[in-house]
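Chemist: For the record, the sequence lines run as chains A and B.
Under this note's numbering, think of the first position of the first sequence as 1, with each following residue one higher.
Under this note's numbering, think of the first position of the second sequence as 1001, with each following residue one higher.
The set of hints was computed from the structure by calculation and includes no laboratory data.
Possibly wrong hints are sitting among the right ones.
[To be verified] SDA-like mimics (lysine to any residue), calculated; alpha carbons at most 20 Å apart, straight line: (1) B:Lys1063 with A:Glu132; (2) A:Lys51 with A:Asp22; (3) A:Lys138 with B:Leu1014; (4) A:Lys15 with B:Gly1082.
These are the residues of each chain, in order.
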Amino acid sequence: MTVTDLNSADSIDTKVRVSEADFNAGDEIALLQANNQADGAVVTFTGRVRKQNEGQQVTGLFLEHYPAMTALSLNRIVDSARAKWVINKVVVIHRVGQLNLGDNIVFVGVTSAHRGDAFAAAEFIMDYLKIEAPFWKKETRTDGEVWIDARQSDQDKAITW
Amino acid sequence: MLTILFFARLREQLGQTSVQLTITENTTVEQVLTQLIEEHPSWQSPLSSNNILAALNQQMVSKDTVVSAGDELAFFPPVTGG
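Bound conformation, chain A alone (with noise of 0.2 Å):
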């Protein structure tokens, strides 16, 4: 699978990732947060399967992605995000292929001089994440496989920023 490491056009400030490969929430905020005393806010969420959805027992989770795709679009979604907020470094790790329970799906992570713009702007890029970029999950459950149907309340809150 590819690894994709792009810096944005915009910034240097950029790291987006799309890999099978795992990593480590801790060593991302490491990244973050090296080399920068300008920023007092470090917002990050992490993204986990979980053993249950829609009240079936999960047991692991496939995601498929289209590669030429998934880097360009999670770059176009942080640019947003730095045309509506006043941010610094930003982190954004999918991962894809088949994954076990509490396995690490997706980390995003924001720094800023204050909380407000890191928090908001990390919410934005999960939110459009869901219902822009161009992934798909498959779970495996204990009754079958499902593809997972996308929710109106995803579309519906990210149209709200």
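Got chain A sorted already, so can you dock chain B onto it with the hints?
Modeler: Below, chain B alone, put in the same frame as chain A:
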């Protein structure tokens, strides 16, 4: 020639990862879907879904967008990452 890609549930329903399609000038995404159904009648149901999204050269587009020879057009169900 237009390259068309399918992903996730749609890829499984069609049993295809990609197809090539010969198109005329000023063909829209919607017309591509119509042309695909004409060539593959069994694809009618999955490709007629209102939920199908389209990306042209890796950027989401509406179905009235015009495509050109050499483009990469992808169809997929609503995304569910994150």
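Chemist: Is Lys1063 of chain B within 20 Å of Glu132 of chain A, Cα to Cα?
Modeler: Holds: Lys1063 of chain B and Glu132 of chain A sit about 16 Å apart, inside 20 Å.
Chemist: Between Lys138 of chain A and Leu1014 of chain B, does the CA-CA distance stay at or below 20 Å?
Modeler: holds, 17 Å
Chemist: Is it true that the CA of Lys51 of chain A sits at most 20 Å from the CA of Asp22 of chain A?
Modeler: holds, 19 Å
Chemist: Are Lys15 of chain A and Gly1082 of chain B close enough, with their CA atoms no more than 20 Å apart?
Modeler: holds, 16 Å
Of the numbered hints given earlier, the model fails none.
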